[in-house]
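Please take these sequences and the hints and turn them into a complete structure.
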Amino acid sequence: MELKTKINAEDGKHDIIITREFDLPLELLFRAFAEPELIEQWMGNKVLKFEAKKYGGWHFEKTDDKGNIVFDASGVIHEFSPNQKITRTFEMANTPFGVQLEVTAFEKLTDDTSRLNMHVIYETVEQRDEVLKLPFKQGINWAHNRLEEVVSKLR
Amino acid sequence: MNLRRDVFQAIADPTRRAILLLLASQSLTAGAIASNFDTARPTVSKHLQILTECELLKQEQSGREVHYHINAKNMKAIADFIEPFRQMWDDRFNKLQTLMKEFKSKK
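Each protein sequence line maps, in turn, to chains A and B. Position 50 of the first sequence, counting from 1, maps to 115 under the working numbering, and the rest follow consecutively. Position 71 of the second sequence, counting from 1, maps to 201 under the working numbering, and the rest follow consecutively.
To be clear, the hints were calculated from the coordinates, so they are not data collected in a lab. From a predicted model like this one, the values you see are computed outputs, not experimental measurements. In this text, a Cβ means the ideal position worked out from N, Cα and C, and glycines have one as well. Misleading hints may appear alongside valid ones.
[What the hints assert, rightly or not] To give a feel for the contact side, a few chain B residues facing chain A, derived at Cβ under 7 Å:
hint	residue
1	ARG194
2	ILE212
3	PHE215
4	ARG216
5	TRP219
6	ASP220
7	PHE223
8	LEU226
9	GLN227
10	LEU229
11	MET230
12	LYS236
Take a look at the structure:
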């Protein structure tokens, strides 16, 4: 199946652009990014803090079955314009990847469809490339976890 | 381009992806690589052979041992590292869409 998400990461540049079209009205798409209960469900994280306003802070955390923290990210929101744009900084704790800047733009296509455009800017080309390689490992783990879930349901 | 298709086949397998990850930070002998996997040694050898044929790995003789290391040029040339990243976001966004569709119908 073809992926609906497009990633544009040019060689030697320190940013990426993630684009995706949704079969959702703009307002619903935006709510998925604006309400902690919804963020938790599709991101699979715990939302420890989410202040949806200028200078507001945010903090997400993900733990494994044993309660170990496997993902800890936080930052500051610089712009929060409903149905238009969220600009925030993003930093993963205990990693050497530095702080990245994320500009997420929301665009209405039709009454029932919308487009998301995330521009992620890293400090250096090297940091960007390292981050891109990251989910390589996690992706495999997640696939395994999902497999485990499916298998355990068969029992 | 034939090579490109081969490269995609090479990284389609999870064990081969894991081998590439393992070798990303160090070069290792076939035995050392195999010790990281539960898979039988000949299976790991087969994976190494495929990765070498696709020019993702290079062999280097040092004394009596052969070390495998990442062929950095080819790894960089292909944008395949982006593919799992894209897959991760696509999965998330699929979830988001399903979630919000349910959310909408509940209202």
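* Hint numbers the structure violates, sorted upward? -> 1, 12
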